[in-house]
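A.B. asks: Mind docking chain B on chain A? Use the hints.
Going down the list, the protein sequences come from chains A and B. This note's numbering puts the first residue of the first sequence at 1, with every later residue one more than the last. This note's numbering puts the first residue of the second sequence at 428, with every later residue one more than the last.
Just so you know, nobody snuck in bad clues.
Here are the simulated DSS-like cross-link-like pairs (lysine-lysine), alpha carbons at most 27 Å apart as the crow flies:
hint, chain 1, residue 1, chain 2, residue 2
1, B, Lys-658, A, Lys-186
2, B, Lys-635, B, Lys-583
3, A, Lys-60, A, Lys-298
4, B, Lys-552, A, Lys-223
5, A, Lys-188, B, Lys-481
6, A, Lys-162, B, Lys-658
Rough simulated footprint, nothing fancy, chain B against chain A, three-plus residues with beta-carbon under 8 Å:
hint, stretch
7, 40 to 52
8, 158 to 164
Anything over 12 Å on all C-beta distances counts as not near chain A; from chain B, calculated:
hint, residue
9, Val-476
10, Gln-591
11, Leu-600
12, Glu-628
13, Arg-868
14, Ser-875
15, Lys-971
Bear in mind the hints are in silico, worked out from the structure with no lab data behind them. Fair warning: this is a prediction, and the values are worked out from it, not measured in the lab. We put the beta carbon where it would ideally sit given N, CA and C, even for glycine.
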Amino acid sequence: MKLKKLIIASSIVASSLVTSITYAADTIKVGVLHSLSGTMAISETTLKDTVLMMIDKQNKAGGILGKQLEAVVVDPASNWPLFAEKTRELLAKEKVDVIFGCWTSVSRKSALPVLEELNGLLFYPVQYEGEESSKNVFYTGAAPNQQAIPAIDYLMNDIGAKRWVLAGTDYVYPRTTNKVLKAYLKSKGVKDEDIMVNYTPFGHSDWQSIVAEVKKFGSAGKKTAVVSTINGDANIPFYKELGNQGVSAEDIPVVAFSVGEEELSGFDTKPLVGHLAAWNYFQSVESDENETFIADWKKYIGDDKRVTNDPMEATYIGFKMWAKAVEKAGTTDVDAVEQAMIGVAVPNLTGGTAVMNANHHLSKPVLIGEIQEDGQFEVVWETPDTVIGDAWSDYLPSSKNLISDWTAPVKCGNFDVKTAKCSGQNF
Amino acid sequence: MLRIFSAFICCLLAWQSIANGDVTLTKTSVSTSVSNDAELATLFKKLPVTKLSKMQLLIEQLSATKTPQVKQAFNYLLNGELYYIKANKQVVHAQINEDKKYALTDVLTNTPLDVVAKSKIRKIKTNNRLRGSLRSLLAQFDLTDPNKEIRIAAVKQLLDKPNQTGIDTITKLVKKEQDTDVRELMQVTLLVEQLLNGEHEEKLAAVKQLKTSLEPSVLNEMTNQLSKIAKSTSSTPLSVEDKALKVALEKAIADIDDRKGIFEFAENLFFGVSLGSVLLLAAIGLAITFGVMGVINMAHGEMMMLGAYTTYVIQQAFPQYIEYSLLMAIPAAFLVSGLVGVGIERGVIRHLKGRPLETLLATFGISLILQQLVRSIFSPLNRQVLTPEWMSGSWQINPIFSLTFNRLYIIIFSLMVFVALLMILKKTSLGLHVRAVSQNRDMARALSIKSDWVDAITFGLGSGIAGIAGVVLSQLTNVGPNLGQAYIIDSFLVVVFGGVGNLWGTLVAAMSLGAFNKFLEPVTGSVLANIIVLVGLVLFIQKKPKGLFPQKGRSAD
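Next up, chain A with everything else stripped away, as it sits in the complex (with noise of 0.2 Å):
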C-alpha cells in the first residue's frame, strides 16, 4: 500500500518535472526583479509594466530565436535581503536566461553575490554611484560622469556656480556620488570653505533650518548651487521649504539626480519650477523611437496621464540589447550573451544610439532639463557627444588606476592599470 502511494507521487514529480523541463525548452524564461509592495514599489511597479510591455511587444513580432519569452515575476518587497532569496529562486528553482530588476544600490549588491554563484545575467536599470563591473551585470542606468559630473560642468560653465551645497539622503549612492563630486569640485580649484555637505534621513520632512543654512550659505556673495541626491520622497518638503523662504531657482538652483517625471507627478509642481534635473531621457525630447514608445506605454498602461521616464528608458535600451545579443549568439547561455553583448548597439529614445561597452556600461547623451509648470522637463543643455560610462571614477583615489574590460585579454572588472593585476573582487 506504502509503496503503490510512493509510486504514484514520484510519477507525479516525474512526470511535471518533465512537462516543466519541455515546458522551457518551448519558450525564453525573463526574470523580473522589482518590488512590488513596501517604500520602492512607487518607483519599480512602473519598471516591471516596462519590462511585461517589451516582452508583449517582442512576442508579437514572433519572440526571439522563433522561441516565444515568459516573464517570471517575483515581489522582492523592497526588503534589501529578500532581493537574494528571490534571485536565487528566479536562477535555481525558475531557471531564468535573464534577469531585469532591482533599483536601489542596496539591493542590486544583496543580489550580486547569487548572481555570481549561479552564474545568472542582471540588467540593472538605474542611475547609481559607480565604483563596480560584474561579469554578470549590465548597468544600463547612468554611472556618476555621465549624469553628475556633467551637471556640475553645466552649473559651473553656464550658471557661473562657485560655492557648493552637496545634498543628500543618508545611504550609499549619496555617499559615493558625493565623494566623487567633492572630489572633482577640488580638482576644478574649488575650496573647501566652498563646499557645503549635508545629509538627513530617508523620508526627512522637515527641512527648516537645513533651507535656512543654505540661504545663508549662499548669500556670501558668490554664485550657488544645491546638488541633491535626496531621495525621491523627501524632495517635495524640501522645495516646497525652498519656495516658502524665498530661495528661487534663479538665486540657488537645485539640480536634482533622483526627481524624474514619475515622482514629479505626485507633486504640487509650483515651488520647482525652474530647478533642474540631470538625466539621460526626458519624456519631453522629440523623437520618433520616443513618439512610438510613449504611444505604446499609455496603450499598454491603459491611462493617458502615465509618464515615462530614464529608469524606462534604460531597462527599454536593456532588452532591446539583451534581444539583439541573444539572436547574435543564437543561445540565451549566458557566457555566450554575456560576449555577445559587448559592442552591440541599439537606437536610445533621444534620437541617439545607444552602445554596450566592454566594462559594461553605456554610451549615451547626458540632458539637463529645467521643471516646468506641467511637471515636464525641458531640455536646456546637453552633452554634444553620448559619454561613456565610467566604473571606476577617476577622481577618487582608491579607483583612479582601475579599469574594467570584459573582453578578452583582460577579461577582468577592475584591472590595476599601474600594477597591471586583476583581484578578482568587482564589488
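C.D. replies: Frame of chain A; chain B shown alone:
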C-alpha cells in the same frame, strides 16, 4: 554682418543715453520712428532662431531699444508665455484658454491673432541665468513702478548686482521716493556703492551708516573690503587712513554679527516651536486614546493619513475653491477619521478591553488594512495636494529673519486645537464623563454613566483630531499611503515623554522635543540630531519612567 555691427552701435548709444539719465523714456516718450520699429522687428525675428547660449546678447540689444513692447515681451518671456508660430517664425504672446487652445497676440503690434492648437506654436526657451538677467534688466524699468513691492525687488536686484546705470537711476530717484522702506533700501544701495568706489572719507562715513543694516550684501562687501586691506598690508605698511578704515570695518562687522546672532537664535526657536506644534498636533489625539483611555492604538498614524486624503478628495471635488479647501477639509477630516475611529472602537477594541498586547496587534493589523485600502483606491503613488496661496511665502521681518506663513499658521492652529480640547475635557459634561470613566470605570458606571458610549466617543474624538493633524501634514509632507508611519513613533514618544494622561505634559514634551531637535540640527546634522534626541529620551525614561508630568494619586494606577 554690417547689420549686426550697426545694431551693436545702436545699443551702445542707447546705453549711453540711459547712463545720461534719460529714464523718463521708459514711461512717457516712446520713440516711434520708422527705423526704431524696423530695428525692433529684426531683433524680435531673431528670438526664435537664437541659441540659448547666444540669447544674452540678444536680450541686451532688445532692452537697449527701451520700448514698452520689449518690457512687455520680457515679462511674457519670464512667465513662459512668449511663443513663435512654427510656420512663419512670428513672435507672439500665447495665452491658454479653457479648451486648451492658445490665443495669440502679436508682440510688436499687440493685435490679436488666431486661436490655435499647441502643435502650431513653440515656446521660446529661457533658462535660469537668462531669467536672472531679464529681471535685472527689467529692474531699471521697475524702479519707477507704482507698486511698492516691485520697486523694492528692483532695488534689491541692483543691490546684489549693481550696475552703473542702475546706481545713477537710484541716485536721481532716492530724493523723490515717498515710501520709507524703499528709500532706506535705496540709501543702503548707494552707501554700498560709496563703500566700494568712494574716497576715503566717504568710505568711513558709509561704514558708520551701514553698521545698522542687516542686508547680506552689506556684510559681504565689508568683509571683501577688509580682506582687501589685509592683502595690501603684506606688501606695504598700512597708511593711517587704511588703519582707521580697518578699525571701523572690524567694529561694524562685529556689530552686525552680534545682531545676526540674536536673529539666528530667534530663527532656531521659531523652527523648534513649529516642529513642536506639528508633533503636538500628531500626538494630542494619541494623548487622549492612549493617555486617557489606555488603548495602544497603532492605527493612529493611519487616522492622520485618512485626514490628509480627505483634504485631497475635497480639493478634487471643489477645484475652484482651492483657497478655502483647508477650511473645508478640517471639519470633514475630523468627521471621516472620527467615524472610522468610532467604528474601530465598536468593532474591535471594545472586545479586547484589558488586553493591551492583543489590542496592539489588532490595531497594527487595522493600520495595515487601512494602508492597503488607500493603496487600492488611490494608487500607491503620492497624491498631489495643492497649497493655497495664503499658506505659501513668508513674512520678511528683516533681511535675514523671516517667518514662513505655513508654519506660522500651523503654530497658531495647533495651539487652538490644544485649547479647544482642554476646554472640552474640563468644561463640558462629555469631558466630565470621560475623566470619570478613565479614573474609575466601575464607580462611573454606578453613577449611571454609559461607559461604553463614553469610550466610543473618546476614541472618536482622539481619531478625529488625528484627522485634523492629517490636514495640516498634507501641507508639509507627501500625501501617500505611508504618511502615518512616519509620525506614529514620534507621537508615542511625545506622549510617553510628557507623561501618560496629561495634556499639558504633551504640550511641553512636544515643544521641548521640537526645540531640542532644531537647536541640535545646525550643530550635528539632522541624522545625528535624531539619534541624540532618541538616546536622550531613553535615558530620561530610565530615570523617570512616568514622563515629565506623571499622574498622581490613586487614578495613576
